[in-house]
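If you read the protein sequences in the order shown, they are chains X, D and H.
Heads up, the final residue of the first sequence is numbered 75 in the working numbering, and it's a clean run with no missing numbers.
Heads up, the final residue of the second sequence is numbered 206 in the working numbering, and it's a clean run with no missing numbers.
Heads up, the final residue of the third sequence is numbered 228 in the working numbering, and it's a clean run with no missing numbers.
I should point out that these hints are in silico values taken from the structure, not numbers from a laboratory.
Errors might be hidden in some of the hints.
[As the list claims (entries may be wrong)] Below, a list of computed lysine-lysine pairs in the BS3-like style, where the Cα atoms sit at most 25 Å apart:
(1) 82(H) to 52(X)
(2) 52(X) to 19(X)
(3) 19(X) to 142(D)
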Amino acid sequence: MAEYYLDCMHEACPIPLLKALKQLSKMEIGDVLIMGTDHNCSIINVVEWVKKQGHAYDYVALGEGEWEIYIEKTR
Amino acid sequence: MIMLPWEKGNGRFTLRKPDSRKGGKPMGKEARDCREKLKSFLQRPWPYWLGGVLLAILNIILLAFAGTSWRITSGFLYWGAFFLEKLGLHPQEWYYFSAYNHGLNPGETLLNNDVSVITLGIIIGALISILLSGQFKLKPLKSKKQALVGLLGGIAMGYSSRISFGCNIGAFFSAIPSFSLHGWVFFFFLFVGAWIGSRLLIKYML
Amino acid sequence: MSSAKIEAIKKQRQVSHTKGRNQVPYGLGVVLGAVIMLWAFHSQEGRSLQWILGILMGITLQRSRLCFTAGFRDPILVGSTKVLKAVLIGLILSTLGFYFLHLQSAAQGIADPLQLPGQIYPVGIHTALGAVVFGAAMVLAGGCASGTLVRVGEGYAMQLIVLIGFIIGTLLGARHYEFWDLMLISKAPTIYLPSLLGYRSTLVLQLLVLSLFYYLAHQYDRAHSMIQ
Numbered sequence: 001m002a003e004y005y006l007d008c009m010h011e012a013c014p015i016p017l018l019k020a021l022k023q024l025s026k027m028e029i030g031d032v033l034i035m036g037t038d039h040n041c042s043i044i045n046v047v048e049w050v051k052k053q054g055h056a057y058d059y060v061a062l063g064e065g066e067w068e069i070y071i072e073k074t075r
Numbered sequence: 001m002i003m004l005p006w007e008k009g010n011g012r013f014t015l016r017k018p019d020s021r022k023g024g025k026p027m028g029k030e031a032r033d034c035r036e037k038l039k040s041f042l043q044r045p046w047p048y049w050l051g052g053v054l055l056a057i058l059n060i061i062l063l064a065f066a067g068t069s070w071r072i073t074s075g076f077l078y079w080g081a082f083f084l085e086k087l088g089l090h091p092q093e094w095y096y097f098s099a100y101n102h103g104l105n106p107g108e109t110l111l112n113n114d115v116s117v118i119t120l121g122i123i124i125g126a127l128i129s130i131l132l133s134g135q136f137k138l139k140p141l142k143s144k145k146q147a148l149v150g151l152l153g154g155i156a157m158g159y160s161s162r163i164s165f166g167c168n169i170g171a172f173f174s175a176i177p178s179f180s181l182h183g184w185v186f187f188f189f190l191f192v193g194a195w196i197g198s199r200l201l202i203k204y205m206l
Numbered sequence: 001m002s003s004a005k006i007e008a009i010k011k012q013r014q015v016s017h018t019k020g021r022n023q024v025p026y027g028l029g030v031v032l033g034a035v036i037m038l039w040a041f042h043s044q045e046g047r048s049l050q051w052i053l054g055i056l057m058g059i060t061l062q063r064s065r066l067c068f069t070a071g072f073r074d075p076i077l078v079g080s081t082k083v084l085k086a087v088l089i090g091l092i093l094s095t096l097g098f099y100f101l102h103l104q105s106a107a108q109g110i111a112d113p114l115q116l117p118g119q120i121y122p123v124g125i126h127t128a129l130g131a132v133v134f135g136a137a138m139v140l141a142g143g144c145a146s147g148t149l150v151r152v153g154e155g156y157a158m159q160l161i162v163l164i165g166f167i168i169g170t171l172l173g174a175r176h177y178e179f180w181d182l183m184l185i186s187k188a189p190t191i192y193l194p195s196l197l198g199y200r201s202t203l204v205l206q207l208l209v210l211s212l213f214y215y216l217a218h219q220y221d222r223a224h225s226m227i228q
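Same shape as in the complex, but just chain X (with noise of 0.2 Å):
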């Protein structure tokens, strides 16, 4: 089970949501992806999309516009 860590600060929108999609099609099942951002759609447009396709996913915020996304690829 590999760990990835995706640096998405100072991104505009949609980039975040495009680096997740394309780190996760080349991830195996059972590895994990975190994602640093501080665009508050983030948090929404990606784990709707994460959400829609059946992964396991959680967030923490961490304060002062700043999140971290967790989510294991899990089909």
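With the hints as your guide, set chains D and H onto chain X.
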């Protein structure tokens, strides 16, 4: 269950001073729950559909009581014209301002008019909202490429908004409810443009 | 929908709400500034209401994360129409509200559509051209007009640059306007639907079409979801 000041366990009606936090008892569980609920309400985003409903209501109130319909990009033009006037130019003599009611109404200035005030209000409102939810953060530029694309994109949007009589608000969100066909045409071709933009985005910006 | 692995990683990274500088006092400070502005407007009719509505719009846009760009872009990029559906709901409601306002104006005897309340303008090739360029540009720049304003308020330096671009672009567009007017716009008709179909029919037709789009958007979103 919130205890009212005059409720005491023994059923007698006596006015009681609410607990003061200064050196008084620590906050009870109810108060903590209340605070958590308020905090989460302030911090959690509202659902999209609620945003749509509220914007529609605000749009209607604006048209009904504030004497103007909602549009944004014209505000940018007036701000720009303000700067040009400060430089000694006379933009208000351009052909544009004499056509299709584009000019200022009597009593208006380039900074104090129907559009500019609302446009500035949106920026301030967003600032208030994000500060109150504790999520404000200055996000600097990531790269020169990002800045260049942003600048060119902004110029393109500004220019095209003049030709189509507005932006996503003026030529779409306010135009369709106004039963003007140009709003529908704008709606359709905005999708076409978004499709082209998405292709370019994936090819060059990812 | 977390998983055991994710919980383990969270514990391992020990990431938590570390940055907690309280921003509420700053927020209240800005509110105070806005109230002062409101007081400065009190002598001008309508201006104070516009200021309040603008601020409420800003709060709504920021809080609901409603970005029109996402409404048009996400169906194409990721098959998601949540934002588009919300925009359609907004359009349906606005249609109803504007309908009554237009009926009122018509009853007052305003015959020329251009004088009616709202945005009613000539439609033609210029509309299509402007929309295509605007659509492409908004996706690349990361936001449309409303989105840019909200992001400026949220502290994005990039959107400040986009805003400057907007100002330059509108000035250039206005400068060149005579050309476009002569070439395309002055030859284009203004089509106010109720003039063609009557008010009642236009309302029903518009609501039906918007509802149909809502249904289609909903189905499109479901079709792109792995979970049913």
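Each hint, compared with the structure:
no. : hint            : verdict
1   : 82(H) to 52(X)  : holds, 12 Å
2   : 52(X) to 19(X)  : holds, 17 Å
3   : 19(X) to 142(D) : holds, 15 Å
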